[in-house]
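Line by line, the protein sequences are chains A and B.
If you count the first sequence from 1, position 26 lands on 830 in the working numbering, and the numbers rise without skipping.
If you count the second sequence from 1, position 65 lands on 67 in the working numbering, and the numbers rise without skipping.
The set of hints was computed from the structure by calculation and includes no laboratory data.
Keep in mind that a hint or two might mislead.
Simulated pairs of lysine-lysine, BS3-like, Cα-Cα distance not exceeding 27 Å [to be verified]: (1) A:K1206 to A:K1226; (2) A:K1089 to A:K1101; (3) A:K1262 to B:K100; (4) A:K1242 to A:K1101; (5) A:K1126 to A:K1206; (6) A:K1082 to B:K51; (7) A:K1126 to A:K927; (8) A:K1226 to B:K100; (9) A:K1262 to A:K1226; (10) A:K970 to A:K1082; (11) A:K1242 to A:K1089; (12) B:K51 to A:K1101; (13) A:K945 to A:K970; (14) B:K138 to A:K1146; (15) A:K1242 to A:K1082.
Heads up, incomplete: computed chain A residues facing chain B, CB under 7 Å, no partners named [said to hold, decoys possible]: (16) A813; (17) K816; (18) P1026; (19) A1064; (20) A1066; (21) A1142; (22) Q1180.
Every residue, glycine too, gets a C-beta built ideally from N, C-alpha and C.
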Amino acid sequence: MKIYVPRDAAAKALGADAVAAAVLAEAKARGLDVTLVRNGSRGMVWLEPLVEVETDAGRMAFGPVTAADVASLFDAGFGSHPLAQGQTEAIPFMARQTRLTFARCGRIDPLSLAEYEAHGGLKGLRRALGMSSEQIVAEVKDSGLRGRGGAGFPTGIKWDTVARAKADQKYIVCNADEGDSATFADRMLMEGDPFTLIEGMAIAGLGVGATRGYVYIRSEYPDAIEAMEAALDIARAAGVIGANVLGSGRAFDMWVRVGAGAYVCGEETSLLNSLEGKRGVVRAKPPLPALEGFLGKPTVVNNVISLATVPVIFERGAAFYKDFGLGRSRGTIPLQIAGNAKHGGLYETAFGLTLGQIVDDIAGGTASGRPVKAVQVGGPLGAYFPRALFDTPFGYEEFAGKEGLIGHAGLTLFDDTADMLKMARFAMEFCAIESCGKCTPCRIGAVRGVETVDRIAKGDASAIPILTDLCNTMKFGSLCALGGFTPYPVMSALTHFPDDFHAAHLEAAE
Amino acid sequence: MTANAVAQRTDDIVDELATLEGPLLPILHAVQHAFGFVPQEALPRIAEKLNLSRAEVHGVMSFYHDFRTEPAGRHVVKLCRAEACQAQGADALAAHAKARLGVDFHETTASGAVTLEPVFCLGLCACGPAALVDGKVVGRVDAARLDQILSEMGA
Chain A
805 MKIYVPRDAA AKALGADAVA AAVLAEAKAR GLDVTLVRNG SRGMVWLEPL
855 VEVETDAGRM AFGPVTAADV ASLFDAGFGS HPLAQGQTEA IPFMARQTRL
905 TFARCGRIDP LSLAEYEAHG GLKGLRRALG MSSEQIVAEV KDSGLRGRGG
955 AGFPTGIKWD TVARAKADQK YIVCNADEGD SATFADRMLM EGDPFTLIEG
1005 MAIAGLGVGA TRGYVYIRSE YPDAIEAMEA ALDIARAAGV IGANVLGSGR
1055 AFDMWVRVGA GAYVCGEETS LLNSLEGKRG VVRAKPPLPA LEGFLGKPTV
1105 VNNVISLATV PVIFERGAAF YKDFGLGRSR GTIPLQIAGN AKHGGLYETA
1155 FGLTLGQIVD DIAGGTASGR PVKAVQVGGP LGAYFPRALF DTPFGYEEFA
1205 GKEGLIGHAG LTLFDDTADM LKMARFAMEF CAIESCGKCT PCRIGAVRGV
1255 ETVDRIAKGD ASAIPILTDL CNTMKFGSLC ALGGFTPYPV MSALTHFPDD
1305 FHAAHLEAAE
Chain B
3 MTANAVAQRT DDIVDELATL EGPLLPILHA VQHAFGFVPQ EALPRIAEKL
53 NLSRAEVHGV MSFYHDFRTE PAGRHVVKLC RAEACQAQGA DALAAHAKAR
103 LGVDFHETTA SGAVTLEPVF CLGLCACGPA ALVDGKVVGR VDAARLDQIL
153 SEMGA
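Generate coordinates for the entire structure from the input sequences, incorporating the hints supplied.
This is the structure:
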């Protein structure tokens, strides 16, 4: 009997290790031959720990399981049980997804290279090994893939710049400093299918002529660091990376580097400084990292999901991938539904669903059962959307057109108890704490922003235009997205939820 | 540990890692792992061996939230303060933790049992409020669950 208990951090945070131990103990006590697989997460976090058992009819799911439930699951022969969710793939949340980047996540043992290959892994890399650098870059361009870290810059164009640069050494740097609240796709991918990222980086190396790579993972992700390190050892031992990639005679090796708790290091130039052992201060552009990046050499800096999507593009072709999506947002996007959501988790789908479909149909509204008041899209630098804007289709340009951004595709649901003035204040406070200090609009502006919101909270309506003006200065005067985008949550809260700002005013006036 | 012992252990760490490309963060992590914090005595050793000024090493160490200048308590509880956890009551949880422990964020209880710290996102945004307890992830932490964790730590 084969039983799956995820090793994903979200599953562990909800007791998966205890469930796994109970499964082994119970099997032993009953004299049953059980193979326990610690898979990645399927992404249905509200059902974690999600235990699966392999049957003739496919994998059957049970969740959320606690260690105390395990004996009764064995008693029921993993059949009829109050926690039974039926066939995993048939659960509506799973069945309606288009899983390309996350196709293997949750299905395989993340550290089994054999299972990885059995599920299509390494096909993309093998194909890339038969292509020229120009063909590889063209394939990525043709796929329409854009940076999934948030900026949405076309990945193929970035690769082209690095490929054309002349240098004795080039680098592939993976930005796994996933610091945005509501986002966990990078973490889930690294914990649930780390070989995909390795394969994507190796293809990037072949495409641009880079032989060395780094995955910069934030220190807040101990489980992802452990999984990536283990996967790299396995991949290197198997010759997937190293001096002779899959016996091709081409070299590409890569290593994990761990951040040290600085949000701003998710910005690519700060990340490069941090990787070099410097303060994580933003660099002015130009020069572009593509020309003068890590240690001054041409460097591809891509997000985890961008790089992890490369293998499927090479396995199935650019045209296949490009066929999904809307407008200039091609392919699929792993939505991360977070906060006060009934069905929180990761949902990969083609671009183009409306925000309302995501919030009401997929997330099922709030966990508290109260009305949804606001949805913050794109992390701490993303705008708060009210229900009035729920018809906005999920795409880069579509959200930009509503003074928002999709960022890394995280969505935080808030119910009607949320105080939007408080959230605006927090955005400024967070920026003040995490500012690298290089540019004045961010360093000073965020501190003044907190003070100005506090004035509004005390009933000083004359501070509202000051806040608006300050946001304008930060937006256009900051060096990077931290200071430049902090105005999005602040201004959206002020614009869409004026009552929260005026109610404070009225209360104080009474 | 004597200043000499710190210097010796630091030298060993730097010798092992100095050949990495951009070795300073891995070195600071390793020093903190060895001592539980980054002792002042370690900085001149690192600076000398990497051919940096002490100010540069201090500047890097002090930039990052992770590096401690003094030992933490016996246990470290990090509570997520980010938006997704706030949507699930993280602010009230933090207030509860501070009141129970009698400390603010970045402080250690008088008994030395627990250091309380804020963290901005653990990637557990669909099962908040989240915490990192001695390096282990915990989700859906309510006041009762937190009390249980703190009681087990003797705080």
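Structure-based check of each hint:
1. A:K1206 to A:K1226: Judged against 27 Å, a Cα distance of about 22 Å means the pair holds.
2. A:K1089 to A:K1101: Roughly 15 Å between the alpha carbons, so the hint for K1089 (chain A) and K1101 (chain A) holds.
3. A:K1262 to B:K100: With a Cα-Cα distance of about 25 Å, the restraint between K1262 (chain A) and K100 (chain B) holds, given a limit of 27 Å.
4. A:K1242 to A:K1101: 23 Å, holds
5. A:K1126 to A:K1206: 25 Å, holds
6. A:K1082 to B:K51: Holds. K1082 (chain A) to K51 (chain B) sits at ~16 Å (cutoff 27 Å).
7. A:K1126 to A:K927: OK: K1126 (chain A) and K927 (chain A) at ~19 Å, within 27 Å.
8. A:K1226 to B:K100: The hint holds at about 20 Å.
9. A:K1262 to A:K1226: Measuring from Cα to Cα gives roughly 12 Å; hence the hint holds.
10. A:K970 to A:K1082: With Cα atoms ~25 Å apart, K970 (chain A) and K1082 (chain A) stay inside 27 Å; holds.
11. A:K1242 to A:K1089: 13 Å, holds
12. B:K51 to A:K1101: Cα-Cα ~24 Å, so holds.
13. A:K945 to A:K970: Satisfied, since the Cα-Cα distance of roughly 21 Å is no more than 27 Å.
14. B:K138 to A:K1146: Measuring from Cα to Cα gives roughly 25 Å; hence the hint holds.
15. A:K1242 to A:K1082: The hint holds at about 14 Å.
16. A813: 5 Å, holds
17. K816: It holds, given that the least Cβ distance between K816 (chain A) and chain B is near 6 Å, below 7 Å.
18. P1026: 6 Å, holds
19. A1064: 3 Å, holds
20. A1066: Cβ of A1066 (chain A) sits 5 Å from chain B, so the hint holds.
21. A1142: 3 Å, holds
22. Q1180: 6 Å, holds
Hint compliance for this structure: every hint is met.
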